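Participant: Residues per chain, in single letters:
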Amino acid sequence: MTTRPFVEIDRVWMRYNGSGGTLALRNTSLTVDKQEFVAVVGPSGCGKSTLMRLVTGLWPASAGSVIVAGKEVDRPLSIAGMAFQNPTLLPWRTVLDNVMLPFEVVDTLAARLRKDRALYEQQCRELLELVGLKGFEHKNPWQLSGGMQQRASLCRALVHQPQLLMLDEPFGALDVFTREDLWGVLQNLWLARRPTVILVTHDLREAAFLADRILVMTARPGRIMIERKVDLPRPRTPQMTYSSYFQDLVQDLREHIDRARQGEELAHAE
Amino acid sequence: MQSEAVATLLTDAPPSKPAELPPTKSQIKSVPTNDGMLDSELARDAAIVAAAVRRRRFMRLLPWLVITGLLLLWEIGVRLFDIPEFVLPAPTVVAQSMAKWWSPIVSNALQTLKTTLIGFAMANVLGLALGVLVGSSTMVYHGLYPLLIAFNSIPKVALVPILVIWCGIGTLPAVLTSFLISFFPITVNVAAGIATVEPELRDVLRALGARPLKIVRKVGLPRSMPYYFASLKIAITSSFLGSILAETIAGQSGIGHLMIVASSRFDVPLVFAGVVVTAAMSVTMYTIATIIETRTISWATRSQGDQATGV
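In the order they appear, the protein sequences are chains E and V.
Take the first sequence: its position 92, counting from 1, is numbered 92 in our numbering, and each next residue is one higher.
Take the second sequence: its position 116, counting from 1, is numbered 116 in our numbering, and each next residue is one higher.
What the hints contain is simulated information worked out from the structure, not anything from laboratory work.
Remember, predicted model here, so these are calculated numbers, not experimental data.
Beta carbons are placed, not taken as given, at the ideal position from N, Cα and C, and that holds for glycine.
It cannot be assumed that every hint is accurate.
[Claimed, not checked] Where chain V lies over chain E, by a calculated footprint (3+ residues, C-beta under 8 Å): (1) 62 to 70; (2) 73 to 81; (3) 104 to 115.
[Unchecked claim] Listed below are several chain E residues computed to face chain V (Cβ distance under 8 Å; list not exhaustive): (4) 58; (5) 84; (6) 86; (7) 140; (8) 256.
[As the list claims (entries may be wrong)] Distance ranges between label pairs, derived from CB positions: (9) E/143 with V/152: 52 to 62 Å; (10) E/231 with V/145: 55 to 65 Å; (11) V/38 with E/143: 52 to 62 Å; (12) E/13 with V/155: 51 to 61 Å; (13) V/196 with E/237: 53 to 63 Å; (14) V/198 with E/108: 44 to 54 Å; (15) V/296 with E/231: 30 to 40 Å.
Hey, can you work out the whole structure from these sequences and the hints?
Facilitator: The structure is reproduced here in structure tokens:
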């Protein structure tokens, strides 16, 4: 018996603002296995972020079905962790209190907050230590650099041990050195917690470094063009990014993206 | 900014031990390191620091100097051109009048303060509640906002006679005018604070199963607090405006009523005394609002100097 994929997107269409609006996704299908790390790459505006909001149930699909953990998604999932390019920490809370947020919001956890606060706080501290933020628990977010804020944002997305983690260009606004540091941080988090991850990015090296499988999307209206498995052992190291396997993979992805973008230009020219 | 930094340095390392000061720009040019600074350069550095401190002290005194200067100019002008008292009384005459009528001025000022504060308190309660509603629900926003704007554009003077018909002459119309004129800025600001929650943050919370009410409680409300406190400064001044307006039109007491009575007797110095007392009360309340603002929401007024560096 084969196990059912954790996320199943089947022939999904997504159109904004009614029938005359922009078509963001066209007949898109994909599956993600449990505990798999999948990266979605593609030219900008290809509907990557739309895909994310469909999976989490934040937006309903115009047509087709989205199934997560065997259930049709018809409302916000309520268990997914999310992180964006903008860390969106709450400036009036300390780092620790920011990471505590999911425990106050998820209904089942919030019900036990008074009793289990110490336990929850312990979990927050452990996670913060794992991303190298030990000693910053009681700082305010604006006292942290962009990279540190993003680490805290990852902690907030993961602290309630969600089965599904959605990342929308989480490192897009960071400088190259910080970004590659955080690849390592994210990989460690994933290895320690093993959530199912969908990472949306336009950084091909990031996708190749982190993901088990990479999906390349076409220009808008988007759909999955090809997929590539990444056969590199874990934990992956920065040295691996210099290997010819890695370089060839990135090169190959790059060519597909270029082809997708040219297709877009042709479409505009018509 | 530069002068502030220099001034801070001064408190940390007084000029008697100038060797601890980092080199200024001019020193870097001639001497690359701290060691071996020339005496003349040290002296110049100390002089720059002292000048910066003097400048800061002067800046703090400046508003008071301007006020004193204006009062002097006013006094001299009135005496020089022999302006009659019922047109423009000199500051000293106003002060004399204030001393002479001290007791009625105080009792009427307290009456105005009371009406204003009751109206202001009502404006806070309703303004906050309405702001939360308008800011968190698009339905309420679309239904109520045009109405609110229409209401706000009514000159409140026009409402006072109606309020008098409804509630009679006295304290009540003043309280209501003060309230009606000051709730709008509070509502608009609180609504703006709640409505502008970042869409990503909303998504984070919704993906955790948060209902709209919870998003408002956890994010919208705390986020709108800086907007709210900023609006209080506008609202308290409008509140005074409202109560004094009602007192002048249809009051039996209050500083507005006092001024109307004084002007009908051509006691212009007393009218001016009323103006001065009103300004003093308004400025005091404004200052209190500012202090509360900086105390309660320090996270919104943080300085950039606190920013950390590194990954």
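Participant: Does the closest beta carbon of chain V sit nearer than 8 Å to the beta carbon of residue 140 of chain E?
Facilitator: 6 Å, holds
Participant: Range first: 55 to 65 Å. Now tell me if the beta carbons of residue 231 of chain E and residue 145 of chain V are that far apart.
Facilitator: Given about 58 Å between the Cβ atoms, the range holds.
Participant: Does the hinted range 52 to 62 Å hold for residue 38 of chain V and residue 143 of chain E at CB?
Facilitator: Given range 52 to 62 Å: violated, Cβ gap about 39 Å.
Participant: Please check whether the stretch 104 to 115 of chain E has three or more residues whose CB lies within less than 8 Å of a CB on chain V.
Facilitator: With 4 residues in contact (Cβ-Cβ under 8 Å with chain V), the coverage given for the stretch 104 to 115 of chain E holds.
Participant: Is the hint on residue 256 of chain E kept, meaning its closest Cβ partner in chain V is under 8 Å away?
Facilitator: At 28 Å from the nearest chain V Cβ, residue 256 of chain E fails the 8 Å test, so the hint is violated.
Participant: Does the closest beta carbon of chain V sit nearer than 8 Å to the beta carbon of residue 86 of chain E?
Facilitator: 6 Å, holds
Participant: Verify the interface restraint on residue 84 of chain E: the C-beta must sit less than 8 Å from at least one C-beta of chain V.
Facilitator: 4 Å, holds
Participant: Does the Cβ distance between residue 196 of chain V and residue 237 of chain E fall inside 53 to 63 Å?
Facilitator: Since the Cβ atoms of residue 196 of chain V and residue 237 of chain E sit about 43 Å apart, the hinted range of 53 to 63 Å is violated.
Participant: Taking a Cβ-to-Cβ distance below 8 Å as contact, does the stretch 73 to 81 of chain E have at least three residues touching chain V?
Facilitator: With 6 residues close enough to chain V, the hint holds.
Participant: Would you settle whether the hint for residue 58 of chain E is holds or violated, based on the nearest Cβ-Cβ distance to chain V being less than 8 Å?
Facilitator: Nearest chain V Cβ about 6 Å off; hint holds.
Participant: When you take the CB atoms of residue 13 of chain E and residue 155 of chain V, is the distance between them in 51 to 61 Å?
Facilitator: 54 Å, holds
Participant: Honestly, do residue 198 of chain V and residue 108 of chain E meet the 44 to 54 Å range at C-beta?
Facilitator: Given about 26 Å between the Cβ atoms, the range is violated.
Hint violations for this structure: numbers 1, 8, 9, 11, 13, 14 and 15, all remaining hints satisfied.
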